[in-house]
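Student: The lines below spell out each chain.
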Amino acid sequence: MRKVIALLLVAFVCLAGVVAGGSGESSGDTYKIGFIGPLTGDNANYGIRCSNAARLAINEINADGGVDGKMLELIAEDSEGTVDKALAAYEKLAYMDEVCAIIGPVFTSPALAVAQRCQEDGIVMISPSATHKDVTAQPATNPDGLNYVFRTVPSDALQSEVAGHYFYEVLGYRKLASLYAMNDYSQGLALGMKETFEALGGQVVAEETCMVGDKDFRTQLTEIRAAAPEAVYIPNYTVEDALILEQAAQLGVNVPFLSSDGFSDPEIYNLAPDFTDGVIYVGPAQAEASSILADFQVAYSEAYNGDSPDSFATNSYDATYILAAAIDRADSADTTAIRNEVAATDDFQGANGTMNFAANGDLVASQGVYEVEGTTPVYVGAFQVVDGHIVQVD
Amino acid sequence: MGTLTLYMQYIVNGLTLGAIYSLIALGYTMVYGILKFINFAHGDILMVGAFIGLIIYNALTGGEAADPSAWTLIAFFISMLISMASCAVLGMVIERIAYKPLRNANRLAPLLSAIGVSFILSNGAAWIFGTQSRRFPYPFENTPIHIGGISITPHQIVMVVVSVAMMLLLTFFVNKTRMGKAMRACSLDQSTSMLMGINVNRVISLTFAIGSALAAVGGMLAAFDFRVYPSMGTMTGLKAFVAAVIGGIGNIQGAMIGGILLGILEAVGAPLLHIPNGMRDTVAFAVLIIVLLVKPDGILGKNEREKV
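Protein sequences, first through last, are from chains A and B.
Anchor point for the first sequence: position 175 equals 175 in our numbering, and the numbering is continuous, going up by one each time.
Basically our numbering = 1-based index in the second sequence + 1000.
Hints in this document: simulated from the structure, not taken from any laboratory.
A hint or two may mislead.
[Claimed, not checked] Coverage of chain B stretches by chain A, computed from C-beta distances (three or more under 8 angstroms per stretch; other residues unrestricted):
1. 1142-1151
2. 1267-1281
[What the hints assert, rightly or not] Away from chain A, derived, C-beta distances all over 10 angstroms, residues of chain B:
3. Y1010
4. S1069
5. T1072
6. L1108
7. M1196
8. P1296
Predicted, not measured: the structure shown is a model, and the values here were computed from it.
Idealized CB from N, CA, C, for every residue including glycine.
Could you build all of it, start to finish, from the sequences and the hints given here?
Tutor: What follows is the structure, given as structure tokens:
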């Protein structure tokens, strides 16, 4: 018996070695691009879609002859959405694989940590989805004092500002409640929205928190119910938002729910299909219906068993193309040259429309507002805050 | 809304949470009572139970599209029975492979083995099913009932009723049947029981079978609220373990009381102490530490000297 177990264990270890070894092999003369995101765990849906989109872009570029005849190679590392795993992934990518740039990390907290390292080591990082305002505010600690951190997703500072103005000025709410997870992303949005909303004269009457991974929100929702707000702002990831919506319905919290770009992941409609009706969320502004976006969506769906990409995956796709174009112009794998070319990106035409970076690496963008009808998000329009008032851009 | 209604609502919420903890705590407590060892893989058996239940339920009803009807209710019971049976077998197999060979080893060895099994189960599930959460559709109409400002869902009622029923059945089994008597004998002294002609191996297998079947029930009931995903057993298992310790590990009624108490503490503790809800696990674990300091054997635990 014991021998059998020992044999089984040995077999297991060998198998694990084979599986782990298969992914990271380098093949000669390529430009290596790293990816960091949650590929396993509760929120793997975000990371898998983003890495799929990056891989799709790279396959397309390679099928087209690569960059100056050299192939691009994506090395995807799993962060499980945690800071320490993301840093371990960064160290592998930066020091062992010696990638010339990194796409990701997907979540804010890992992105904050990896951004510091990228600034220090001088490696370009483009996050498709880390929205916290501080991600692009890390000091450039590299010898040249250059900024190496970019993102193809609008900053939270922008999102929460538009959210606060939209809720107050357009929807006319004066009393809101918020229920947010204690992580950088949700907290950043909730506090930012509160600041804007209260500066306008509104009031956040109940501010409730939870932990990522919590399954029971009834205590918080009961308190929110007692505070009688006009609407509840829930800027969280889909798993939490799905449970919050369902339990709110059960507890009779019959006010509209407002959310953030985390809600743009279609997974929410699998998890809580009966409770998404009427949710209004601020997310990425929709690109004008371009052939690039439509082609991307079709290609993605064909490549990945009919799955549809979320907005972060679209950002990841654009980030990969921006990077490839920068490598092409830099004509080398030199990280400083690549950084200069990424920063010099000028009116890049991507799936998200025309894209430019501000000096701090932030995306220049407006925000989209969506209203969910049943299980279909309906686009209301793109908004910007101009001179302290919200303006619809298109 | 009055403060009283508010707190009534917290208690209702806490009760249902506690019912799940109790059901799972029973498995920890039974194994501990007999083997004096903590089966850390128990939480993951709950996850396996939820997955098996979900797959069979979906196969029987045709998945998401099925509206609640008499048939979905029957399908739910069939899937629960199959899930219980499968988990019972799984529990026995795990015991035979991973724990029995270590029964006379250092006390740390089976504990580490259990942690290993826990990883194998959750990673295995992640490998087979993927890591995303899945929804377990309600087999019955889950329209909440409102009683004077308090909302209760039928699901919450089912959870409490099933948990209490399971505990009563288990108490009856342990106190009134021959096998139950054998179990109690084994928990007092294994070698003497063996000398008295009790098949100790069979008793231990049965203990694992019952504990795992209860975990399957807990997993399926929790699945409506928690969703089904490979790591669902980890935190729930840990909380249930805390519940077992609070109630007095090794004691069946203790597990029930500990679970309910923990659930209510979690729901009421944070608002009562005016701390953010995001930190409510702190309350649960602070209570654990206090219990361990003040009454290390738990609320219903017997104060007996450890024979080393």
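Student: Taking the numbered hints from earlier one at a time, note which ones the structure violates and give those numbers from smallest to largest.
Tutor: Of the numbered hints given earlier, the structure breaks just one, which is hint 3.
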